[in-house]
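Chemist: Sequence:
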Amino acid sequence: MQATKDQTERRIPVMVRAPDPISLAGVTSQLSQHRGVRLVEGDEEPPAAVAVVVTAAMDDSTIPQLRRLVRIDGARIVLVADQIREAELLAVIECGVGAILWRHQATSRQLYQSVLAASRGEGDLPSDLLTRLLHQVGQLQRSADDRPSTPAGLAPREIEVIRLIAEGLDTGAIAGRLSYSERTVKNVLHGITTRLHLRNRAHAVAYALRQGHI
20 MQATKDQTER
30 RIPVMVRAPD
40 PISLAGVTSQ
50 LSQHRGVRLV
60 EGDEEPPAAV
70 AVVVTAAMDD
80 STIPQLRRLV
90 RIDGARIVLV
100 ADQIREAELL
110 AVIECGVGAI
120 LWRHQATSRQ
130 LYQSVLAASR
140 GEGDLPSDLL
150 TRLLHQVGQL
160 QRSADDRPST
170 PAGLAPREIE
180 VIRLIAEGLD
190 TGAIAGRLSY
200 SERTVKNVLH
210 GITTRLHLRN
220 RAHAVAYALR
230 QGHI
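So the sequence shown is numbered by this note's numbering: it starts at 20 and just counts up by one.
Just to be clear, a hint being listed does not mean it is correct.
Pairwise CB distance ranges, derived in the manner of DEER restraints [as the list claims (entries may be wrong)]:
no., residue 1, residue 2, range
1, Ser200, Ala75, 35 to 45 Å
2, Gly55, Arg229, 29 to 39 Å
3, Ser51, Gln102, 19 to 29 Å
Quick caveat, the hints were computed from the structure, so don't treat them as lab data.
No residue lacks a Cβ here, since even glycine has one placed at the ideal position from N, Cα and C.
Input sequences plus hints: build the corresponding full structure.
Modeler: Below you can see the structure in the form of structure tokens.
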């Protein structure tokens with residue numbers, strides 16, 4: 020009995036938000052195949068650690084919903100979307116979304132991997148979306164009239180780590196590239212996100228991009 024209870028407590032509590040019953044049933048069914056997930060309702064206690072939000076396209080209600088889930092419910096977000104327009108991309112990242120998955124790629128395995136990444140506070144973005152993010156922020160930087168004359172609070176070691184995150188490397192790969200331990204990399208990331216009030220790795224990359232570090 021105790022072992023069963025411990026296994027239940029170790030599972031990631033996940034709630035699903037979808038615009039229609041078919042999408043809700045589909046995502047719920049996909050996630051229920053994985054023992055590491057415990058599906059919960061929004062009003063259950065304790066609240067869900069991860070919220071999977073499904074949307075065809077971003078509308079006026081989506082960003083406030085994402086922001087509310089992060090700031091009020093304390094959830095980490097996996098956003099499953101058909102499309103995200105250029106004007107919406109930074110807003111999605113900065114409101115606290117760390118994992119994004121295109122709906123046409125949302126297999127059971129991919130959903131679970133995104134939930135795991137979100138639960139650990141790690142970023143999980145499609146490569147094409149990361150490329151768009153880099154391009155978009157680069158355009159913003161080139162069109163800016165004024166540039167800050169002082170550093171934006173990132174030490175050289177922190178910039179190195181953020182640059183490698185932007186290249187898509189995970190914690191182990193970053194540690195190997197910089198000859199650090201994985202614990203050191205995690206401590207660097209924790210220091211960045213805590214000091215600068217950033218929500219996750221993707222938000223840290225967006226911050227570094229805005230400040231011209233990468």
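Chemist: Compare the structure with each hint and give your call.
Modeler: Here is what the structure says about each hint:
no.	hint	result
1	Ser200 - Ala75: 35 to 45 Å	holds, 43 Å
2	Gly55 - Arg229: 29 to 39 Å	holds, 35 Å
3	Ser51 - Gln102: 19 to 29 Å	holds, 27 Å
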